[in-house]
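Chains as they are written, first to last, in my numbering: chain A, 8 to 346; chain B, 8 to 346; chain C, 8 to 346; chain D, 8 to 346.
It is worth saying that the hints were derived from the structure and are not from the lab.
Mixed in with the good hints there might be a few duds.
To be verified - Label-pair distances were calculated between CB atoms; the ranges are: (1) T329/B <-> K336/A: 22 to 28 Å; (2) Q142/B <-> E50/A: 55 to 61 Å; (3) D67/D <-> S198/C: 37 to 43 Å; (4) K336/C <-> H138/A: 42 to 48 Å; (5) P84/C <-> V261/A: 37 to 43 Å.
A virtual CB, placed ideally from N, CA and C, is assigned to each residue, including glycine.
There are 4 protein chains.
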Amino acid sequence: MSELKIAVLGVGMMGADHVARITARISGARVVVVNDYLTDKAEAIAAGIPGCRAIADPLDAIADPEVDAVVLATPGPTHEKQLLACLEHGKPVLCEKPLTTDVESSLAVVKAEAALGKRLIQVGFMRRFDHEYVQLKSLLDAGEFGEPLVLHCVHRNPAVPPNFDSSMIVRDSLVHEVDVTRFLFDEEIVSVQIIRPAANPGAPQGLQDPQIAVFKTASGKHVDVEVFVTTGVAYEVRTELVGEKGSAFIGLDVGLVRKGAPGTWGGQITPSFKERFGQAYDTEFQRWVDAVKAGVNVDGPSAWDGYAAATVCEAGVESLNTGQPVEVKLVDRASITGA
Amino acid sequence: MSELKIAVLGVGMMGADHVARITARISGARVVVVNDYLTDKAEAIAAGIPGCRAIADPLDAIADPEVDAVVLATPGPTHEKQLLACLEHGKPVLCEKPLTTDVESSLAVVKAEAALGKRLIQVGFMRRFDHEYVQLKSLLDAGEFGEPLVLHCVHRNPAVPPNFDSSMIVRDSLVHEVDVTRFLFDEEIVSVQIIRPAANPGAPQGLQDPQIAVFKTASGKHVDVEVFVTTGVAYEVRTELVGEKGSAFIGLDVGLVRKGAPGTWGGQITPSFKERFGQAYDTEFQRWVDAVKAGVNVDGPSAWDGYAAATVCEAGVESLNTGQPVEVKLVDRASITGA
Amino acid sequence: MSELKIAVLGVGMMGADHVARITARISGARVVVVNDYLTDKAEAIAAGIPGCRAIADPLDAIADPEVDAVVLATPGPTHEKQLLACLEHGKPVLCEKPLTTDVESSLAVVKAEAALGKRLIQVGFMRRFDHEYVQLKSLLDAGEFGEPLVLHCVHRNPAVPPNFDSSMIVRDSLVHEVDVTRFLFDEEIVSVQIIRPAANPGAPQGLQDPQIAVFKTASGKHVDVEVFVTTGVAYEVRTELVGEKGSAFIGLDVGLVRKGAPGTWGGQITPSFKERFGQAYDTEFQRWVDAVKAGVNVDGPSAWDGYAAATVCEAGVESLNTGQPVEVKLVDRASITGA
Amino acid sequence: MSELKIAVLGVGMMGADHVARITARISGARVVVVNDYLTDKAEAIAAGIPGCRAIADPLDAIADPEVDAVVLATPGPTHEKQLLACLEHGKPVLCEKPLTTDVESSLAVVKAEAALGKRLIQVGFMRRFDHEYVQLKSLLDAGEFGEPLVLHCVHRNPAVPPNFDSSMIVRDSLVHEVDVTRFLFDEEIVSVQIIRPAANPGAPQGLQDPQIAVFKTASGKHVDVEVFVTTGVAYEVRTELVGEKGSAFIGLDVGLVRKGAPGTWGGQITPSFKERFGQAYDTEFQRWVDAVKAGVNVDGPSAWDGYAAATVCEAGVESLNTGQPVEVKLVDRASITGA
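So that you can see chain A by itself, here it is in the shape it has in the complex:
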């Protein structure tokens, strides 16, 4: 396969960025089909790319014979149907998180892929491709910290859209730390507790922000996460791993450092996820393209990882309401995937 021909479904902010990524920043692939429920937008984007068409129906786009593989950047509620269509047509798919928006449908997708006996679904947890997380994971696996014990995470956004509600903080923001935990520790999260501090006076009325999440993993490791999405400051993602033999920090904001009047020094905080994780998205896409061309289809988080994240987030939303630790119940993995 000389060049992987990709259909991108959903060309909102994220999807349009992925189209640009495939077209201009990675090699070995090109976008041949775009789709969006805003058909004008899809038409406009297709017009700017040689050999690219807009197709109005997402399922038609998936089924199109020119299409080798699919990128899903559509709204979460449409994912289940589109993922099942990808499986049906045997098309590898890179699906932006979440896998689906609830546990039941996530599990259904995992089972459908398992029944097919072939891995086709990769989930877009791009931090696994970020060089700092990769370095941290690599040191951890090499035993540099001994047994890992505790993980402290901070996830801050300067602002969120008006419709962002308290449970979306769990499902859309915290979900990244769910995957970071599972990635770093290679084990499942068994309970979640969401603590509700007094809210930021600057947050929209009714939004529980900040939130503190506490995870316990299967072997008893502790993870705490501050999620704070109305800081007014910048995009801050920071992780400290504490192990038996030392600790490590990633996500410090250092780069160009200035000294200026009156007596201050400092730098800039990463303004948004694009600057922070742009390299990770590029790497994720390049490796997925390479994996699809090589016929292995997945080189990153699997459908199971998407299902596990959905299950933890659902428990998180329950804890957001009750304040109590909530047990995370995953089905037996081996019974489905044989893994």
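Since the structure of chain A is provided, determine the placement of chains B, C and D on it from the hints.
Leaving out everything else, chains B, C and D in the frame of chain A:
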């Protein structure tokens, strides 16, 4: 009063350091009496200081007419009796934490001082005198962070003595963060939860280490603390305050930075509390000496602060056993002190 | 032009890396011809790339009708002839530094291009594409530092090949700081002094290492550079700009930061120029490809920049021998380029 | 000797600070005499210290039988006479830099002390007592950097008084780096070159600021210093030592680090030398007091160190005028001191 004449009770590691501090590092005071249950040790120290005597009985030392003021560095269980003796003789006392080892006796001391109608007791929470905490508090009070919302604390020791048990982690280590919280936020802690992660394999058998403490304050602020006393690394005390308008970090380990083979850069972590908080101890003692000479007797944490810390720690020990959040019940302050 | 077809001349370490860059990391271009004086190596590389041929003679490679543009990664002494061939065939060329190895031939190339009345030559000073230098330049141009006054540069390598001599430190290492100076200040260097400190005992016998270079620019700005190529440590490139209204640092080595026994914290120094400037090379190539496809051919350092660097380095080598400041004599630019 | 009785001559900003230092921050000494050409000021200060008198004539103050030792914080031009008086009366003296204001008189003082056969003079180069310089020196002496090769120094002030001229930048500011060089390398400086970059537009008319100094030491080590005294920013003193086996930085400005809107992080630069070197002054005085009480009189920079600094600065002023390297000619030390 030209020079404050001090009796130091207890000349173990801490007390001997205080003797050296008063003798060589601060001005306006000198040690005229030392006392220790190891009388030889007290005799030896007294012999090295011009005009200083050893007195075998701690209550005699307090009552001695030459003694203007008392420093208590004796074991916690003896504090109640010694503090009451100081009150009886009207002698200002700087008492190393804890005030006393349980809530009931702490409250008794607070009441006895209140009944006297005169403040004589200062508790040795020296972080209130550390320039970084002072700077953080000052920015906070100036409104630089808007409303404070969350506090993340890390308290790590390389190692602890063999007899150090899980509840001592709460009473002797966590207690500092109890006071930091109360100092920074100027409000009481209303509940404590101690989370028990899987223990450090390098910790002594049976020791619950690390521990994660979660505090809720009266106005709903959230505080989390990692206490980890067998890291094998160094002494690390770090605090991040997160507010409505920004955040701040103290306790970074920067100083001399080296680059060396093979391809690494870095510095040294503060080896122990002496290097980290030596300046704070000096300032604490100097300001206490000045306060006593000026007749106000206290310029720092009061008996109430000692009682409040004891109460929070007792709730912490209960939570250590149950894993559940435990409510902190303080008596009504105004009913006792009129404050 | 749908895809730019490139001949890469010279496939040593640098050239082979450029082949990989064009093939796998940037879009819109592909390698159709490779050439090397080691013909076997060229053949092997060509075999691994679909649609790519090896051509034994560099001038044939340049002249080949399939070739749209040329990347020169051949040894410096061959550049003049190859650049003139590119001009003759009207082919855009991205030439690794140096433009040529002496002032006379550099000037001849500048004049030949000027006579053609068309810009075809871009020189590979990749730091101009590094995000930190770009950010520094952008703040400087925005007036954030007021008038720039002083530049401190450090350029360190862990080791150099056995044949590396004292004048190569000037021509191959210092040359980057020559271009950084000219890029940041937008003015020419008018004198150079090379100071010879006592040599590193660990350096090969006879190698003057470290060297301290002092530049004076047309408007009197001062630049000092430590070049030290046998540090045994790592690749360190650091620049501090000092201006009327403040200063700024780039090239700090921060990223993942570890704390570990016994009491130390720190990170890794960038091991080599590949990690430090890989992004800059990618950006440089992508922008050059885009410029060639757009018909403007150059989007970066020009032949003049290559000539100016050669002239400064020649003065530097003279100063290395005499220890005295040496005046830099550039021909009148307007008389050649009309610029 | 129970308490060292000190006369402080000169109670301007520096001298008044030393009075406070002896009175309130160090132990084992007290101020019994103060002197200033502004007699009212001396009277006022004496009035605030129990047992302290003002004496109008500096030579009377030195001669006063109650006075055990002398601190000189008088203007430089008066030092020679006062130092000789101290020698005459056999009184230990801690003399603020400079030893004297010219080479001839400095040498005369060195010779007079040598003739006496007893060390009485310590010069106030307080950086030798700063914990960062001490740590750097200690690592260097332990061989941690192998052979030291290069030293980069930065010395910046936000502003200087109106009468500060170009040669004072050499004599009053650069002199500290002269001593740092001699302290770290334990060898003499053999040549000085002052480079004059285009001046800061914000500097007073006629002031050559910044200046770049280049030192060569006896064994050929290279030192460069940026002295910039009208930065408008803050007090910045930074030193990087580069050795055969690695390098080290001191003087970074890290402490409390804030993140705040809009998207920036950073801290405060040390506002002045009092914050940066307050600890060094305290240590310097404490150690000098201890040395005098122990009868060794000097525990820090000697008269020779003051003479050497004066000689280097005089060469520096000559180079400031000529721009050329100027040789530093010291008399033969052994011929005077026998050391």
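Practice prompt. Hint says 37 to 43 Å; check whether the CB-CB distance for P84/C and V261/A agrees.
Written response: holds (41 Å)
Practice prompt. Using the beta carbons of Q142/B and E50/A, state whether their distance is inside 55 to 61 Å or not.
Written response: holds (58 Å)
Worksheet item: Does 42 to 48 Å hold as the CB distance between K336/C and H138/A, or does it fail?
Response: holds (45 Å)
Worksheet item: Taking the CB of D67/D and the CB of S198/C, does the distance hold inside 37 to 43 Å?
Response: For D67/D and S198/C the Cβ distance comes to about 57 Å; the hint is violated.
Worksheet entry | T329/B paired with K336/A, Cβ distance criterion 22 to 28 Å | Cβ of T329/B to Cβ of K336/A: about 24 Å, so the range 22 to 28 Å holds.
The structure shown violates just one earlier hint, number 3.
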